[in-house]
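Undergrad: Sequence:
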Amino acid sequence: MGFDRFYGILGGEASQWEPAAYDQTTPIEPHIGKEDYHLSEDFADQAIKWIRQQQTSTPDSPFFCYFAPPAVHAPHQAPKNG
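For the sequence shown, our numbering gives the first residue as 714, with consecutive numbering after it.
Calculated from the structure, these hints are not laboratory results. Any given hint might turn out to be false.
Pairs of lysine-lysine, DSS-like flavour, derived with a Cα cap of 25 angstroms [claimed, not checked]:
1. K747 to K793
2. K762 to K793
3. K762 to K747
Derived DEER-like restraints, expressed as beta-carbon distance ranges [claimed, not checked]:
4. L723 to T769: 24 to 32 angstroms
5. P772 to I745: 28 to 36 angstroms
6. S774 to G746: 22 to 30 angstroms
7. S770 to E748: 32 to 40 angstroms
8. E726 to S770: 30 to 38 angstroms
9. E754 to G724: 28 to 36 angstroms
10. S774 to E742: 28 to 36 angstroms
11. G715 to A791: 16 to 24 angstroms
Think of the CB as a built atom: it goes at the ideal place given N, C-alpha and C, for glycine as much as any other residue.
Construct all of the structure, not just a fragment, from the sequences and the given hints.
TA: Here it is as structure tokens:
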């Protein structure tokens, strides 16, 4: 048993502005073209999107979402706009 979906980073420390992130097993650069990008905000947006998809596609099925916001780990980088 494992996770059906993975969106995240592989280590505890990551730049909040230019992370080495993965969508499943594919390396991605979600910050490209987004001046106000912040990793923790991206994680929250992706989790909300996934939860809504689960509610729409299988509303009567339980699910588990492991959400671990990276902003609590070093380096501590607040959003540039905040």
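Undergrad: Against this structure, judge whether each hint is valid.
TA: Here is what the structure says about each hint:
1. For a cut-off of 25 angstroms, the pair hint linking K747 to K793 stands: about 11 angstroms separates their Cα positions.
2. For a cut-off of 25 angstroms, the pair hint linking K762 to K793 stands: about 23 angstroms separates their Cα positions.
3. For the hint linking K762 to K747, the alpha-carbon distance of about 19 angstroms falls within 25 angstroms, and the restraint holds.
4. Between L723 and T769 the beta carbon distance is about 29 angstroms. The supplied range of 24 to 32 angstroms therefore holds.
5. Remark: the range hint 28 to 36 angstroms for P772 to I745 is upheld by a beta-carbon distance near 35 angstroms.
6. S774 and G746 have their C-beta atoms about 35 angstroms apart, which leaves the hinted 22 to 30 angstroms range violated.
7. At roughly 33 angstroms, the beta-carbon separation of S770 and E748 lies within the given 32 to 40 angstroms, and the hint holds.
8. Taking 30 to 38 angstroms as the suggested C-beta distance range, the pair E726 and S770 conforms, at roughly 34 angstroms.
9. Distance hint check: the CB atoms of E754 and G724 are about 19 angstroms apart, inconsistent with the given range 28 to 36 angstroms.
10. Between S774 and E742, the C-beta spacing of about 33 angstroms keeps the proposed range 28 to 36 angstroms intact.
11. Under the hint 16 to 24 angstroms, the C-beta atoms of G715 and A791, about 33 angstroms apart, miss the expected range.
In summary, the structure is inconsistent with hints 6, 9 and 11 from the numbered list given earlier, while agreeing with the others.
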